[in-house]
Every structure is written in structure tokens, then in C-alpha cells.
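Undergrad: Take a look at the letters that make up each chain.
2 protein chains.
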Amino acid sequence: MKIICTRQNLVQGVTTAQRGVSAKNPLPILSGILFIAKNNSLELHATDLEMGIQCTIPANVQEEGSIVLPARYLGEIVRRLPDAPIQIDATQGNNAIIRYGQSEITINGYDAQEFPVLPNPQGKGSLSIPEEDLKEILRQVLFATSTDENRPVFTGVLMENNNGCLRLVATDTHRLALREENIGNDIEDISVIIPGKALNELARVIGAPDRNVTISLGDNQVIFSMEDTRLVSRLIEGQFPNYRQVIPRGYKTRLRMRTKELLESVERASLLARVGSQIVRLAIEEEKVIITANTEVGRIHEEVPVFLDGETTAISFNAVYLIDALRAIGSDNIYLDLSGPLSPGILRPVEEDNYLSLVLPVRTS
Amino acid sequence: MKIICTRQNLVQGVTTAQRGVSAKNPLPILSGILFIAKNNSLELHATDLEMGIQCTIPANVQEEGSIVLPARYLGEIVRRLPDAPIQIDATQGNNAIIRYGQSEITINGYDAQEFPVLPNPQGKGSLSIPEEDLKEILRQVLFATSTDENRPVFTGVLMENNNGCLRLVATDTHRLALREENIGNDIEDISVIIPGKALNELARVIGAPDRNVTISLGDNQVIFSMEDTRLVSRLIEGQFPNYRQVIPRGYKTRLRMRTKELLESVERASLLARVGSQIVRLAIEEEKVIITANTEVGRIHEEVPVFLDGETTAISFNAVYLIDALRAIGSDNIYLDLSGPLSPGILRPVEEDNYLSLVLPVRTS
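From first to last, the protein sequence lines are chains A and B. Going letter by letter, the first sequence gives residues 1 to 365 in my numbering. Going letter by letter, the second sequence gives residues 1 to 365 in my numbering.
Worth double-checking, as some hints may not be accurate.
[To be verified] The list that follows gives simulated cross-link-like pairs (lysine-lysine, DSSO-like), each with its CA atoms no further than 30 angstroms apart:
{"id": "1", "chain 1": "A", "residue 1": "K2", "chain 2": "B", "residue 2": "K288"}
{"id": "2", "chain 1": "A", "residue 1": "K288", "chain 2": "A", "residue 2": "K252"}
{"id": "3", "chain 1": "B", "residue 1": "K38", "chain 2": "B", "residue 2": "K2"}
{"id": "4", "chain 1": "B", "residue 1": "K197", "chain 2": "B", "residue 2": "K252"}
{"id": "5", "chain 1": "A", "residue 1": "K288", "chain 2": "B", "residue 2": "K38"}
{"id": "6", "chain 1": "A", "residue 1": "K260", "chain 2": "A", "residue 2": "K288"}
To be clear, the hints were calculated from the coordinates, so they are not data collected in a lab. Remember, it's a predicted structure, so these values are computed and weren't measured experimentally.
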């Protein structure tokens, strides 16, 4: 292949494709990006065999063809190239000559024939959602996934679609986040578990205003299609836990308060509480919640004003889980619903009815 | 002690004093900051016994006294406090109650009597220099210090004053940086070696426009006095190498070129060259220098236009040393003076005559 493109397009393409490259992949060729020049554009492919990213950038194709180049070196090099037209010449052997101005860099690569073909399934059902909306939905649920690969189901996010309502749920068994969005599409119902890792990478490449993502399903695969980029991921097999069962229906205590005030208090408490087990205690009184933590480093006593509906009570949480939940909620005011010191706390935005997150309490002696 | 101050002043004071705290000090009390409240101000002291920092912030002193509080926790906590008046109450036992709004944090501390007294020598000679100038001078020489504690002299910076000319020199035996500044002070001649670590911390706290640093010498100590901050460091004993001897007097080849062009070329070459031994080769021709590197990852060939005075030649350098020198020079155009492939290269700013840096070549087979 032989192409000319702008530095800006090349940087954007390599940066996006690099997200599909796994740092610790045992197959050397998978540390590379597959370049395919055809039809006056340059396709970049990367995969770790679990997930693949493909993007397309405009290029002046002087000779069609393909090559695999090492992602890490290439990424660093293209970001340092001068802002001039860049030629990539891979017409001889398994290397590419990158030419710019009077200078050139030759990078040793791999034979494109050896690169595993990206799965490129034809989607069965598909639904469409604005990139900005999906990015925010992912932000609100991804934090609740587990990183423990021994229990794969909890490393993923359940994505359901029923009657035009898209629902994403994540839980690591200590906390749970659930977000619904009415997308009104007239498509078949789905229920799949998507790896959190793939959705994390997706969240990084989407977010362009006024653009949509199309989500479609293949055999055991999900495909996210954006303007110039596609992300394909395998699905996680297994049974997602019955999340409806763990969400309490009513409450004995409902607090309404400003998200920022509770968040900043718990963040300060966490600075001390991390010396112990990150336990913070919330004592709910008529007009305030008293947040305390007590460790060998010192102790904290904070008061946050609340509106109380129901009983006064006290409950302890892991500060990190509470902070994650409060940062994700994306609302100025929240309800915190409690049903006693041993039942989960439920956080809901006051302004919206489409999100909740659940945090299990810590049993203190 | 009992004081009230603003969050902003407290953050600034703690952040400055924290620079004097060593992370790996074996004495627990040295992980703390000594607070002394007197005369309507709050002094903060920290030391690792090699170097000490002392700063003063305005405070409303309700009760004079002192306490030592752990720097790390305190720093994180005060940065997260709300922007309100903050009271520090250390009137009972070895702890402090930090009060803000309706909330309070109690931090366990140490008895101030056990904190080692900061050396506070009366300076013998002293000289004065604008903070901004000293910051730039330090930037230009500090990179050339060694981090090898087995040869202490090379971890320091030689500071000489002769006839009103201040001279700072650093070398790790592979490269050398020398900066002179005419400060015109009518003070006695000095010649001391100051630890690079202390000067690095100094460089971080100075830089305010229109303010001066006063440098004074005590017995085996140097004191840098700024508006609200003092930094004291022990001096390094020993004989600094005779730097004049290693700087070649003439040259066989003088190149004049744009700093940025050579820097960016060598930076790109370094991305490939790090796979080998960071060796880049410069072939000097009539109107250009050709920069090449050749490793198992690939090879690079760059051309940078130059004005040549003298012989064509070729020389190899460690790319990292060349990059450090080019970043430090602070001038749009440079001279690179060479005297053959086995003699050091000398970099000088074209616009100024007060700086040079020397890089030893790499002998290639």
C-alpha cells in the first residue's frame, strides 16, 4: 500500500485503533494495527480477540494494499510528526516507510495476511441512540462492574430492551447501578451481557454531539457503529442476577439532600477512613445527617442538612462505594432511601426517574 | 495553640511546607509539619534533617502554641475543605481539631517539643537575585546533576560568585551545564556545592514576579530567603571537578541551527533509539545535519538545515542527553561546536553568551 494523509487524521485514527490493542497480548502481531488502503480511505483495525476496533480516515490512496505496524511505536511517532502531509509507503516487504518533509522513518511490521480477521457480523436487531446520551448512561453504570475475572457475569453490563425502553444494569454484588432510557425504537426485545472493558473503551471514543451510535447484535457479539468507527465485542455468557429482587420496594427513611454536600463530606471522611476499612457512619436525625469516621489517624464529624421523610436511623457504608455512587448520579439533589441498618441504601436523582444505584451497608459490631 | 485562617492560606502554607517532608524518613515525627502560632501568624516548618522549609501565613491567633501534624493527611484534608474560615484548635493533648462550618476533624499529632529545631543560621555573605531569574537559571543547570548518591559531589550544583558574577555548574560526568549571571553585588567571593534535591524544591516554590531571593551562607549551610518562605540546606563537602578543564577552547566545526528543529528530530529518533542504547548519529554536511538511528524496531533518517562554519564531520550522542540539553537551552537558535567524533559537543545559545552545555559523544564501533 502507499497513501498520503494529514498528520491530524493519522493521529486520530491511530489513537482510536490503539484502544483495541491489548498491552499484554501473547501474540506479537496483535500488538499491531492492521492498515488497509482502499477506495481512497485508510482503514485501521486492532483486536485482542475479545474486542475489536475499526476506524476509517480519509487518505489519498496511491496504491492499495495492507500492512500491520506496531501500535505503540507508531502511536508515539505519529503524535510527534510535524504538521505536514505524511506518506506511508508499504510497497516493499513487511515494513513501512513514513515520509514527511525531507525525512523518513522505516518501521518494521508484520504481514497483513497473518492478522486475525475482525469479526464483522451482520446485526440482527439494531437500535440507535445519540452518542452523548449513551456516553452519560455508561458513565452512570460502568463504575458498578466488577474486575474479578473469576466471575465473568459481574464484569459485564446487562443491556435489555423491552418495549422501546433500554435498560443497563451493572453490579459487583456490593453495589448496583441501573439506568433506563426511553428510546422508543420499534425493535425486538434483547437481553445481553456486554463486557465492561469494551464499554469502557466505547465510552472513550463516543460523545460527538448530534451523532448516533447504532447497536446491533450478531451471534454472541455486539457491534457499536459510529460515523467512522466500529467497535465489536463478544458477549458474556451466563445468567445475570435477578436485580429486581435485590431492590427494596419501599423505604422506612427517605432523605432528600444536595448531592455535592454529601459527596464532599464523605470524601473528607474517606481520607481518614481509608486507614481503617473505609467505613463511614451516617446518623440520620430530623434535619441533618451526621457523617462520622473514627480511625487511628483521627476522627471526623460532619453535618449535612436534609429533609427527612420517615424514621431516624443510622447506617454504615464503605466510603468508596458511596463516593462512586454520588459521583455517578449526575443530579444536583438526591433521595437516599433506607430500610434499616442492614438493608441496602438506594440513591435516586430527585429530578429524574430513570436511574438508581444501590449500596449495601457495612455491618458494624 | 488556637488559630483561625482562610482555607487558601492554609492550603498554600501546607503545600509549601510539604516539600520539606521526606516520604521515606525513618523518624515518624519528620513525616509531620510543625505549626507554631505566634504574633498573629502561623509558621509551618518541615525538615528531613538535610533540608528544611519554613513558611509563614497570616492567621488570627487566639492562643499561641505549637503542634506537629502528619503532613500527608493534613495536605489532603485541607485541600478538600470548604472555602470557609478554618479554626485549628490544638489546646488539648497532641491532637488538633480542625473546625469548619458545622463540622470538625480531629487529627492525631505529635508533641512539638520533639520536633528537631530547624537550623536557622545567620548568613555570612549574602546576595540577592530576582526569583524569576533564579528559577530559569536552575532550570538550565539542574538537569545535568547526577542522582547517584555514591558520588555526592555530582548530585550537587556548584555555586560560585566572583566579582559580581554568579556562576552555577552541574555535571554527572556525561554532560555539564554552566550558567553565568552578572548580579553585580559587592559581596565576598563564594564557592559552595548545594544539593540538587534542595535546588529542585527551591525551583518549585520560587518564580513570583518582582520579588527577590536572598541567598546567604552559614556554617556548612545555605539559606534561601523569600517573601514568606525560607529554605535551608546543608552544603555538600568535597571538591567539585575542574570544569574549565573539560570545556574545549576552540572548535573545528560550528553549526548554527534552529533549536526546535534539532530537538524535534532527535525526539523522534529517540523513540526508535531507546530500543537500542539511545544512540543517534549526526552527520554534518555543508548545509544540513543528517540525524539517523537504527534499531531492530526500524530506522530513522532526518535532515535539519544548518549554517556550517568549519569541517564536515560525524558524531554520535546519547539521544536523551541531547534532548535534555536542547530543552534546557531556552534559546530559539543554537551553536553546536564540535572538535571531532571523540570530543564533547558544546551547545550555546546564539542570542546570549551566558550559558553552555556540554555533552560527551558516544564512541561507536
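Undergrad: Now tell me if each hint is right for this structure.
TA: Hints versus structure:
A C-alpha spacing of about 28 angstroms is found between A/K2 and B/K288, which places the hinted pair at or below 30 angstroms, so the restraint holds. At most 30 angstroms may separate the alpha-carbon atoms for a hinted pair to count; A/K288 and A/K252 meet this at roughly 16 angstroms. Restraint check for B/K38 and B/K2: satisfied, since their Cα atoms lie roughly 10 angstroms apart, inside the 30 angstroms limit. Between B/K197 and B/K252, the direct Cα distance comes to roughly 37 angstroms. Violation of the 30 angstroms bound is thereby established for this hinted pair.
At roughly 37 angstroms between alpha-carbon atoms, A/K288 and B/K38 are farther apart than 30 angstroms, so this suggested pair is violated. Taken as a hint, the A/K260 and A/K288 pair is honoured in the structure, with Cα atoms around 15 angstroms apart against an allowance of 30 angstroms.
Checked against the numbered hints given earlier, the structure breaks hints 4, 5 and satisfies all the rest.
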